[in-house]
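Order-wise, the sequence lines are chains H and C. Sequential numbering from 6 applies to the first sequence in my numbering. Sequential numbering from 23 applies to the second sequence in my numbering.
Incorrect hints may appear among the rest.
Some but not every residue of chain H turned toward chain C, in silico, with C-beta under 10 Å [unchecked claim]: (1) Leu91; (2) Leu92; (3) Glu171; (4) Gly172; (5) Gly290; (6) Leu330; (7) Asn331; (8) Val335.
With a cut-off of at most 27 Å between alpha-carbon atoms, the simulated DSSO-like pairs for lysine-lysine come out as follows [to be verified]: (9) C/Lys299 / H/Lys194; (10) C/Lys312 / H/Lys13; (11) C/Lys314 / H/Lys287; (12) H/Lys13 / C/Lys214; (13) H/Lys287 / C/Lys299; (14) H/Lys259 / C/Lys242; (15) H/Lys287 / C/Lys212; (16) C/Lys314 / H/Lys237; (17) C/Lys214 / H/Lys41; (18) H/Lys13 / C/Lys314; (19) H/Lys237 / C/Lys237; (20) H/Lys237 / C/Lys94; (21) C/Lys299 / C/Lys248; (22) H/Lys230 / C/Lys312; (23) H/Lys13 / C/Lys322; (24) C/Lys299 / H/Lys259; (25) C/Lys312 / H/Lys237; (26) H/Lys230 / H/Lys218; (27) H/Lys21 / H/Lys194; (28) C/Lys299 / H/Lys13; (29) C/Lys212 / H/Lys321; (30) C/Lys250 / H/Lys240; (31) H/Lys230 / C/Lys250; (32) H/Lys240 / C/Lys242; (33) C/Lys322 / H/Lys230; (34) H/Lys321 / C/Lys214; (35) C/Lys312 / H/Lys194.
Just a sample of chain C residues kept apart from chain H, beta carbon distances all over 10 Å, derived [said to hold, decoys possible]: (36) Ser77; (37) Glu215; (38) Ala311.
Derived from the structure by calculation, the hints contain no laboratory data. The model shown is predicted, which means the values in this text are computed figures rather than measured ones. Glycine is no exception: its CB is placed at the ideal position from the N, C-alpha and C atoms.
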Amino acid sequence: MNETIDVKELNDRIQKESSFVDLLKIEMGKVIVGQKHLVDSLLIGLLSNGHILLEGVPGLAKTLAINTLADTIDAKFSRIQFTPDLLPADLIGTMIYSQKKEEFMVKKGPIFTNFVLADEINRSPAKVQSALLEAMQERQVTIGDQTYPLEEPFLVLATQNPIEQEGTYPLPEAQVDRFMLKVVVDYPKIEEEKLIVRQNVAKQFPKASTILKPQNIIDARNVVKDVYLDEKIEKYILDIVFATRFPENYGLEKFSVMINYGGSPRASINLAMASKAYAFIKRRGYVIPEDVRAVCHDVLRHRIGLTYEAEAENIKSEDIITEILNTIEVP
Amino acid sequence: MIIHKLTYNKTLRITLIVFAFLFMAFNGIAQEIKTKAVLEKNQALIGDQVKMSISVIKPKNALVFLPEFEPKLTDTIEIIEQFKPDTSILEDGNMLIEKSIIITAFDSGSYIIAPIPVFVKNNDKLDTLYTNALTFIVNSIPLDTTNTIKDIKLPYSAPVTFREALPYILGGLGILFIILLIVYIIIKLKRKEPIFKRFKPLEPAHIIAFRDLEKLKNDKLLQNDKIKDYYTRITDILRHYLWNRYAIRSMERTSDEILQSLKESEFSDEKSFAILKDILVTSDLVKFAKFKPQVDEHEKCFNGAFKFVDNTKLIIIENAEETESSLKSEQVNKSEVVNTEIKEKID
Numbered sequence: 006m007n008e009t010i011d012v013k014e015l016n017d018r019i020q021k022e023s024s025f026v027d028l029l030k031i032e033m034g035k036v037i038v039g040q041k042h043l044v045d046s047l048l049i050g051l052l053s054n055g056h057i058l059l060e061g062v063p064g065l066a067k068t069l070a071i072n073t074l075a076d077t078i079d080a081k082f083s084r085i086q087f088t089p090d091l092l093p094a095d096l097i098g099t100m101i102y103s104q105k106k107e108e109f110m111v112k113k114g115p116i117f118t119n120f121v122l123a124d125e126i127n128r129s130p131a132k133v134q135s136a137l138l139e140a141m142q143e144r145q146v147t148i149g150d151q152t153y154p155l156e157e158p159f160l161v162l163a164t165q166n167p168i169e170q171e172g173t174y175p176l177p178e179a180q181v182d183r184f185m186l187k188v189v190v191d192y193p194k195i196e197e198e199k200l201i202v203r204q205n206v207a208k209q210f211p212k213a214s215t216i217l218k219p220q221n222i223i224d225a226r227n228v229v230k231d232v233y234l235d236e237k238i239e240k241y242i243l244d245i246v247f248a249t250r251f252p253e254n255y256g257l258e259k260f261s262v263m264i265n266y267g268g269s270p271r272a273s274i275n276l277a278m279a280s281k282a283y284a285f286i287k288r289r290g291y292v293i294p295e296d297v298r299a300v301c302h303d304v305l306r307h308r309i310g311l312t313y314e315a316e317a318e319n320i321k322s323e324d325i326i327t328e329i330l331n332t333i334e335v336p
Numbered sequence: 023m024i025i026h027k028l029t030y031n032k033t034l035r036i037t038l039i040v041f042a043f044l045f046m047a048f049n050g051i052a053q054e055i056k057t058k059a060v061l062e063k064n065q066a067l068i069g070d071q072v073k074m075s076i077s078v079i080k081p082k083n084a085l086v087f088l089p090e091f092e093p094k095l096t097d098t099i100e101i102i103e104q105f106k107p108d109t110s111i112l113e114d115g116n117m118l119i120e121k122s123i124i125i126t127a128f129d130s131g132s133y134i135i136a137p138i139p140v141f142v143k144n145n146d147k148l149d150t151l152y153t154n155a156l157t158f159i160v161n162s163i164p165l166d167t168t169n170t171i172k173d174i175k176l177p178y179s180a181p182v183t184f185r186e187a188l189p190y191i192l193g194g195l196g197i198l199f200i201i202l203l204i205v206y207i208i209i210k211l212k213r214k215e216p217i218f219k220r221f222k223p224l225e226p227a228h229i230i231a232f233r234d235l236e237k238l239k240n241d242k243l244l245q246n247d248k249i250k251d252y253y254t255r256i257t258d259i260l261r262h263y264l265w266n267r268y269a270i271r272s273m274e275r276t277s278d279e280i281l282q283s284l285k286e287s288e289f290s291d292e293k294s295f296a297i298l299k300d301i302l303v304t305s306d307l308v309k310f311a312k313f314k315p316q317v318d319e320h321e322k323c324f325n326g327a328f329k330f331v332d333n334t335k336l337i338i339i340e341n342a343e344e345t346e347s348s349l350k351s352e353q354v355n356k357s358e359v360v361n362t363e364i365k366e367k368i369d
């Protein structure tokens, strides 16, 4: 922390290393119309080695966005449709008996890839969710008595639908916490939707070109870690997270009865990492409060447990985060 | 046999003497103390309330204990109210004690009110005297069968008193206040104005800012190589100034948000806007990117802060007409500055 950082040198380096970000955005923009926040969030997850939970009603290009991201990177991609009858072995793999070799052989599951799209994750039972989340956390899978590390970069992008909750298995709070970001995808604007319609009724649907290799992402992740995070920003991040735990200490007594539990230390870590990645996307070598505020909702919205009082008052975690950001002094 | 007859006669005589003595004694008490029960009227309709009085005339030295009645006098006659006994001295020196009760009955018929016992103590003799029995006839409402059957009459509406109307008046005023408050909040939100304006500080915003800048200069942070603290203080002074001057919640906003809010508040001085933007950008670099500006940058930043406050300070016009004419004649945009002392410092 005490080493002198030459901001010019750092910025020059970031400018150079982050040049692919604009290219990536252009390629994704060929397929995905609008949804800038979604694209930025996917990049943040990709660059800060964090998994992403996407929530939105059907038809908002959640799956298409992830597919397109995988297309732009020369990496392996698997899509797993989570259903109530899915088993952990369908996900991670199992041992099968080879009659030819007369021995058990490992059959690896679709999780052995770079990008996993877990579509409608809340439709499968807890044991399957648990298997996926375990792999997300440990970045390795054990089949039989052998442990297999997962390939890098490894990124899980799970989607869930906020409607049609009947017959679903909501993710437990402890497991939701393992997702770095929870991105809420909203409807496109009218102008954007006009372009979407035109694009889809045309003879040929646009396709994104492959411009990156997995190693580029791994290198970029190391650069993201070098993005400078000042002590003042650290304090700002901690103030925000602590305000979710002890709102009364920050002049937000009204939330004391509404918050069941606040952000965990993982929330602080992820907020710092996501802020660094956001600064990188903005091609800056240091984090400013704007970066923290830009990612704060996505990082914290699934980490704040609300009480019945809050639900009765129709207070959402987003409202609490907004109020916290409007109350805590910016450094 | 003769002996037995003689004994019998003797016993009879003694018994007669004792009875005669007792009769005289009781008669003596009875002659001195008189009790009476009277009904206001002997006949009443069902539910009518009738006053019943029990009176006792006694010598002054005699003690009388009037009964306390149960809620019911008989099975069918109810007591509505009991009054305290009333006493008065009669002309012959005796005392009249009178207790009244209000009775009613809800079943028609003829009822006998049994004698009511009154306990007396006179010359150390205790006795129980009884009032006279009373007849109380309760009649039902006479039906006129010659007339046709009429519908039930609605209850009479009593005039509404102010006391009854008061809760409704207060409630109505409360609802009206809430509606006006909601309308006010909606208008303020649409205009993107703060809902509750901050009370203006006793001192004008620029006076506070100038004083804080002066203090910053005297603290000599730059000389002690506390560059980061120096720039933090400058931005904090400006942010406080913006809050006091434009009610922009700048302490809780980032540099970009502050500039955006200033634009939205129709801040038109582009030159001052550029100065502020420059200070905020440089300060952000110093605060968050360990940027070390050149020495002349420090002075530029400090002077810029002074200039921004000076350019945007609230001008209080002491005499509007006079100033207007002077503005026209001199063709200048600024009028007299309140604090001349500070102005001298700036000059």
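Each hint tested on the structure:
1. Leu91: Status violated, d = 44 Å.
2. Leu92: Not OK, violated: H/Leu92 not within 10 Å of chain C, min 48 Å.
3. Glu171: Hint on H/Glu171: violated, closest Cβ of chain C at ~37 Å, above 10 Å.
4. Gly172: This interface hint is violated because 41 Å lies over the 10 Å limit.
5. Gly290: Where the cut-off is 10 Å and the nearest Cβ of chain C is about 7 Å from H/Gly290, the hint holds.
6. Leu330: holds, 7 Å
7. Asn331: holds, 5 Å
8. Val335: At 5 Å from the nearest chain C Cβ, H/Val335 passes the 10 Å test, so the hint holds.
9. C/Lys299 / H/Lys194: Violated: C/Lys299 and H/Lys194 sit about 31 Å apart, past 27 Å.
10. C/Lys312 / H/Lys13: holds, 10 Å
11. C/Lys314 / H/Lys287: The given pair, whose Cα atoms are some 22 Å apart, holds under the 27 Å limit.
12. H/Lys13 / C/Lys214: violated, 38 Å
13. H/Lys287 / C/Lys299: Judged against 27 Å, a Cα distance of about 19 Å means the pair holds.
14. H/Lys259 / C/Lys242: violated, 42 Å
15. H/Lys287 / C/Lys212: violated, 32 Å
16. C/Lys314 / H/Lys237: holds, 16 Å
17. C/Lys214 / H/Lys41: holds, 26 Å
18. H/Lys13 / C/Lys314: Holds, at roughly 11 Å.
19. H/Lys237 / C/Lys237: holds, 23 Å
20. H/Lys237 / C/Lys94: The given pair, whose Cα atoms are some 86 Å apart, is violated under the 27 Å limit.
21. C/Lys299 / C/Lys248: Holds, because 22 Å separates the two Cα atoms, which is no more than 27 Å.
22. H/Lys230 / C/Lys312: Distance of about 17 Å is within 27 Å: holds.
23. H/Lys13 / C/Lys322: holds, 21 Å
24. C/Lys299 / H/Lys259: violated, 35 Å
25. C/Lys312 / H/Lys237: With Cα atoms ~11 Å apart, C/Lys312 and H/Lys237 stay inside 27 Å; holds.
26. H/Lys230 / H/Lys218: Cα-Cα ~19 Å, so holds.
27. H/Lys21 / H/Lys194: violated, 33 Å
28. C/Lys299 / H/Lys13: holds, 20 Å
29. C/Lys212 / H/Lys321: holds, 23 Å
30. C/Lys250 / H/Lys240: holds, 15 Å
31. H/Lys230 / C/Lys250: Distance ~23 Å between H/Lys230 and C/Lys250 Cα, so the pair holds.
32. H/Lys240 / C/Lys242: Holds. H/Lys240 to C/Lys242 sits at ~26 Å (cutoff 27 Å).
33. C/Lys322 / H/Lys230: violated, 34 Å
34. H/Lys321 / C/Lys214: Holds: H/Lys321 and C/Lys214 sit about 23 Å apart, inside 27 Å.
35. C/Lys312 / H/Lys194: violated, 40 Å
36. Ser77: The claim stands: C/Ser77 keeps its Cβ more than 10 Å from every Cβ of chain H (closest is about 69 Å).
37. Glu215: About 16 Å separates C/Glu215 from the closest Cβ of chain H, which puts it past 10 Å; holds.
38. Ala311: violated, 4 Å
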